Structure formats: structure tokens, C-alpha cells
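Trainee: What follows is the residue order along each chain.
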Amino acid sequence: MLRPAFLVAALAAACPAHADDADLAALRAEVKAMKADYETRIQALETRLATAEAAAKAAPPAPAPQDTASSAPSNPGAFNPEISVILQGGYAHLKDIPERRITGFLPNGKAPGSTRGFSVDDSELVLASNVDPYFRGYFNATLNDGKVGVEEAWFQTLALGQGLTLKGGRFRSGIGYQNEQHPHAWDFATNNLMYEALFGEGYGNDGLQLRWVAPTDLFTELGAEIGRGANFPGTDRNTNGVGSYALYGHIGGDVGDSHSWRGGISYLSTRAEARSSTLADFAGTDVNTAFTGDSKTWLADFVWKWAPLGNTTVHNFKFAAEAFRREESGSLDCVNGMCGTTGSLGAYQSTQYGGYAQAVYQFMPLWRAGYRYDLLNPGSQDFGLNNTKLPQTGYRPTRHSLMVDYSPSEFSRWRLQYTKNRAIEGQDENQWYVQYIFSLGTHGAHSF
Amino acid sequence: MKAFRLFAFLVAAWPAFAHAALSVFACEPEWGALATELGGTNVKVYTATTAFQDPHHIEARPSLIAQMRRADLAVCTGAELEIGWLPVLLRQAGNAAIQPGQPGYFEAAQQVALLEKPAVLDRAQGDIHAAGNPHIQTDPRNIARVAQALGARLAEIDPGHAAAYKTRLADFNTRWNAAMARWQAQAAPLRGMPIAVQHEGFPYLENWLGLKQVAVLEPKPGVAPSIGHLAEIVAHLKIAPARAVIRAAYQDPRPSEWLAEHAGIPAVMMPFTVGGSERAKDLFGLFDDSVDQLLKVAR
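If you read the sequences in order, they're chains A and B. The first sequence runs 1 to 448 under my numbering. The second sequence runs 449 to 747 under my numbering.
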């Protein structure tokens, strides 16, 4: 209200007190003209507004946001490899068995799953990235107190084409089904007895792998590997050339929308030189043995998965089974106990079998239950001259495992497992496991 | 080494596969349908998933590897939708033509601007996608944009039929624009309609039709809601009512049905993609049905 009063005062001051009528009339005319001018302008604006409003009503709804390529600021870290870390550990309630050797099988020196109470398993650190348009690199290390292991470190071709992929470096062999899986991807807290007897955990090699996928509707894959062959059942040998080779083939497909399957045959040939293991002689004394010879393993694997209409969210089912036959022939040197301190060299020949079958069912979202049966057959084991010192056995190791797991998300899992372990003759063991698996970082993609 | 020779022989003797038509591997049904619209008889389309499967969670099945092996063009959504399975297929198929960066690899999400880009990337937020919401196919304007790029891509990798692709694209554009005008006219009453959704799968549909999303059933993307959480939403809907709760065909019906019963609103199963309902036989049917489903609850 102050302003008009001020204006009036200003006008009054500006207008000379003695202004005559003619001046006043001219002023009035001017104000009138200004008023008319503004009114026409306001009218014009109102019309324009009305037109615009009408146009807006008639026009199609606001278009979806246009293609605005987000111009992210340049980030020197953008080319960093995909990083993920797997944390794994838990609690195990086991019998106190100082040395766990599967009865009837030459031990591989790695006795897994023997820590009682709380423990942290190896943490896995994974780095992976495309190297360039032609190669991909992958690095997987396991870390634990005082030890770092390079589980895998390989390159893989991206652009060979024709269904061919070449992998080189240290990698998990493509034989069998479970072999390529790291422990965090297993369906149970413990390894199956077959892989434990055959490889300890899984068969890895330093070498080359060539895979070929056939251009057919039926999935057909053939693979060949050559490598150093330093791992059990072979040993590291100071030689040039190829230490071990593996061949495998897989076929697979779908039945309708709900079922899919894959099956295959694999073969692994390797050589051992003075592969040491500890056995008990007839007197029950531990003797050190060294095997030199050939080891040939055949594996058969089959996996079948079901989900209603292929939708795994609520219910899904997985069945997997594998079986093997291993032949080893050569010589076995044994020292100590009945073999004497100077040692006793005999021929060694064995043909052994085994396998496992497992079923895992997701009975409600996030919850799965599973059962696995393991069976090994020591087959024939001939120690030649040492048959009088080392006992043969007809004992068939078995294991029954039941598990329930809960996965709050894709990145976390809790598992409870009960195992009836009869892998060691004379030991009837009830095992309980509580396990957690957490995966941090990049969203991993899992194979079938 | 005998076995080695046999292996080498098998590899060499396998008959070379002769391509009659361009093989298209479509990750989702909508892109399979679009490739069929634009390619006609010049393409042979394999669709990797169905409308009843969750595109976030697909097994990298052997059959998919076999199909990827022979594909000349892979058409996928991208934006991390297929991050759990597509990389496995791409790496195991041994097909150089469809690797990311090659003309044979096409990502639909790159053709449109994505909504809901998360400001913070933290897995505590659930299964979020760093690039934004990948469910772009629920807006026909996005389909139109992807069609332009896909048509051009088909012509690029199969230049012999470039003219045919161009003609088909022009024809599709005409029919699609007419259909869009029709849907928009029909859907006028839907503007401002409040809805609840089970999964954050419909932001593009909401943006197109002007629907108002008042509640999401999943507490975090990809996390199934608990009964307690659903009860909270029922309470929330008393203050901000919704006309319906909608979900995609592949989603577990139980959460939205529970909510529908307790909040007294209809539960609507949207086809979400081609094949998701009886009427959604192709892209046109998909939107005919989607608009009709929503109109039913709007009345």
C-alpha cells in the first residue's frame, strides 16, 4: 500500500501546482491510450495461452524420454576387471578321526572336510575381464591363513568362431559334470566321495583346452585337453612334452519347456612317478608307498533339471549322477612296517569303480532340500609281490547326505547338512554341517 | 593317442552347416516377435525364453548354447537383465559373430533411454540394475525405436536382403503407428489411474499411459514379499487406494492374489511379453490385450 501512496506523492510533486486544464487533458488522454494499449496486449496473451492449452490437450502424451546417451564422466577405473569374492565357512560336528583315508583307494594326500568345530573355508578371489576383442582372462585364487593358491588362471579365445574355443593356462578340466564347479557352487557342503577319491577336490591342469560345439540343434560338445599333469592321480615329472591328456564329449537338450538335460563321457589319461601315499599293512602299521605307472579314468555324467514351464522361481528340481572307472597299472614301492626299511618293490594293478547320485528340490521360493548317495567299489587291487604285506579289501565305502539350504538372495546361502559317513571301514560316523556362502561383487553367471 | 585322432576326424568331418535364412537368437519373446515382423521369411528366429519364465533367472541350458552357436544375430534386452545367463552362453557357444561389440550382437535397451537409474549401487537395495530398469517392452514407443535400429541391423548383417528389410520396416512402422494411435485413444480413461504392481516391471507402461503407481509388492526388486509386508501395503492402500494390482505372467500369482483379496481390488495378470496370454500372440496382440486388461479394471 506504500507504493501507490508514494507514486501519488511523486506525481503531485512532479506536476506543477499551477498546471492548466490543457495539460491535464493531455495527460488524461495519454493514460487512456496506455490503458487501451495494455488491454489489447493482455487480450492477445490470453488468446495465445488458450491456443497453447488446446494444443497441449490435443497433442499425444509426453513422449517417453528420448535417447539421451548418459555422458558419464570419464572414469579411469571403468576398465577394471569384474571382481568377486566368495566367503565360505561354517561349523562341522565330526568324529575325531586323525587320518581320513577312503578304504581301498590310494589316498591323494588331500584329506578334505576334517576340521572340527567352527572354521572358515578358503575364501575365493575372482578377477575376470575381456582382455581385448580376442581374449578373455580369468583369475581365481584361494586365500587362507598362510597360504594362497592359484586355483585357475587362464585365457580363453572369444573370436575363433566355428564353435571353437581355446583355453590356456591353469584351469579346471571340462571332464565330468561337477569338475568345473568350485566348492561354492556345489549343492552340498561337502564334496562327493567319487571326486574325493579321484582328484581330492576336482581335476585341474596347466595346459591347453580346445572345445568345439557342433552346429546342431542337439547340443554337442567335444573337448580335448593336454597339460602338465602334475595333479593327482598324476604327479609332476621333470620332462618336456605332454604329461596328461583328457577327452570329453557332452550332449544335451530340452524336452518341452519344463525339462532339460545333459550327459557325457570323459576320459583322462595321466602318469605318476613315485606318487606317495600312506597305507596300512596287514599288521595295521602305516607304510609309505610310492606308485609309478599309468592312471586312466573314465567318467560318465548325467544331469536333468526340471522347472514348471521353465520357471525356476517357485519350484525346481535337479538330478545329477556321475560314475567312474579307474585303471592304474605300474609298480608300487613300499617302505616301513612289513615292507622293511629298505623297501619292497612290487607290481601294482587296480580297476576301481564308483559314483554318486543326487537330487535337489526347491520346495518353496528360496528353500531347497537335497539328498545324495555315494558309493565306491574298490574293485580289484593287485599289489604283486607286496600282496603278502598289503591287505586287499572288498569294503565298499558309502555315504548318505541330506541337506536343506536357504538363499535369502542370489548372493547368499545358508545350509544345514547331515551325512552318514561310511567311507572308512569300521567307522560309522554321523556328520553335521552348518555352512554359509556369500558372494560379493560382480553378479556371476553360472553354468548349467 | 588313437582317441585324439578320432576326435580330430570328427571335428573335420562334421558337415558344414549351410545357412538358408539368417539365424536370429532372441533372448526374450518380444524381440523374437519383432525380428519376425522385420525379417519375415528371411530370418529364422529362435526365442530363448517364454513369457512364463523370469528373464532374470534362466538356466544356461545346453539347448541355448547349441542355438547360440549357430546364430548370426543375438537380440537381447541388455541393461543387465540377462547377466545371470547370457554371458555363459556367449562364452561357451564359440561363436565369434555374436560377441558383444560385433554387429551380430544387438541390445534393445541401448536404443531407448532407461528409467529408474539407481543413484546408489548397493546390493542391500535388492536385485537392482545399474543401467536402469530393463523392462522396456511395455511401452510401444520403445518397440518403435528398437524396430528402427533392429531393421537397420538386419540390413547391415544380411545386405543381400537389405531392400526387403527396409520395406518390411516401413510397413511395420505404418501399422505400428496406426496401432499406437488406436491404443492411445482407447487408453485415454486410464490416465491417472492408480495401480499397485508386484515387481517394478511396468515403469515404461505407466509412463506411456499415465498410470499412477501407488505401491510395489516386492520390498526390494527381486525379493518376494512376506505376508507382513503385504499387510502393510493393504494398510497403505486404504490411504492411497489403487484400482488394481498388476503382475507379469511369469510372476508367482500368490502375492498379488493375497493382496487382491485383502485390499478388495482386482488382481490383473498382464501378458508382459508376447505369449503371455491367449491374445498376446504377437506384438500387436500384446498391447491390444494389455490395454484391454487395464480398461476392464478402470470401468
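Hints were generated in silico from the structure; no laboratory data involved. This structure is a prediction, so every number in the text was calculated from the model and none was measured. Heads up, the beta-carbon is just placed ideally off N, CA and C, and yes, glycines get one too. Just so you know, not all the hints are guaranteed correct.
[As the list claims (entries may be wrong)] Simulated crosslink set (DSBU-like; lysine-lysine; CA at most 35 Å straight-line):
1. A/Lys318 <-> B/Lys668
2. B/Lys492 <-> A/Lys318
3. A/Lys32 <-> A/Lys420
4. B/Lys686 <-> B/Lys660
5. A/Lys167 <-> B/Lys492
6. A/Lys318 <-> A/Lys389
7. B/Lys744 <-> B/Lys729
8. A/Lys147 <-> A/Lys95
9. B/Lys729 <-> B/Lys660
10. A/Lys296 <-> A/Lys389
11. A/Lys296 <-> A/Lys95
12. B/Lys660 <-> A/Lys318
[To be verified] To give a feel for the contact side, a few chain A residues facing chain B, derived at Cβ under 10 Å:
13. Ala29
14. Asn130
15. Thr220
16. Lys305
17. Asn316
18. Ala320
19. Leu366
20. Ala369
[Said to hold, decoys possible] Chain A is nowhere near these chain B residues, computed Cβ spacing over 12 Å in every case:
21. Ala679
22. Pro689
23. Asp730
Trainee: All the hints need checking, so say for each whether the structure fits it.
Mentor: Structure-based check of all given hints:
no.	hint	result
1	A/Lys318 <-> B/Lys668	28 Å, holds
2	B/Lys492 <-> A/Lys318	31 Å, holds
3	A/Lys32 <-> A/Lys420	106 Å, violated
4	B/Lys686 <-> B/Lys660	16 Å, holds
5	A/Lys167 <-> B/Lys492	31 Å, holds
6	A/Lys318 <-> A/Lys389	45 Å, violated
7	B/Lys744 <-> B/Lys729	20 Å, holds
8	A/Lys147 <-> A/Lys95	26 Å, holds
9	B/Lys729 <-> B/Lys660	27 Å, holds
10	A/Lys296 <-> A/Lys389	26 Å, holds
11	A/Lys296 <-> A/Lys95	34 Å, holds
12	B/Lys660 <-> A/Lys318	41 Å, violated
13	Ala29	53 Å, violated
14	Asn130	8 Å, holds
15	Thr220	7 Å, holds
16	Lys305	6 Å, holds
17	Asn316	9 Å, holds
18	Ala320	13 Å, violated
19	Leu366	7 Å, holds
20	Ala369	18 Å, violated
21	Ala679	19 Å, holds
22	Pro689	23 Å, holds
23	Asp730	19 Å, holds
Comparing the model with each numbered hint stated earlier shows that hints 3, 6, 12, 13, 18, 20 do not hold.
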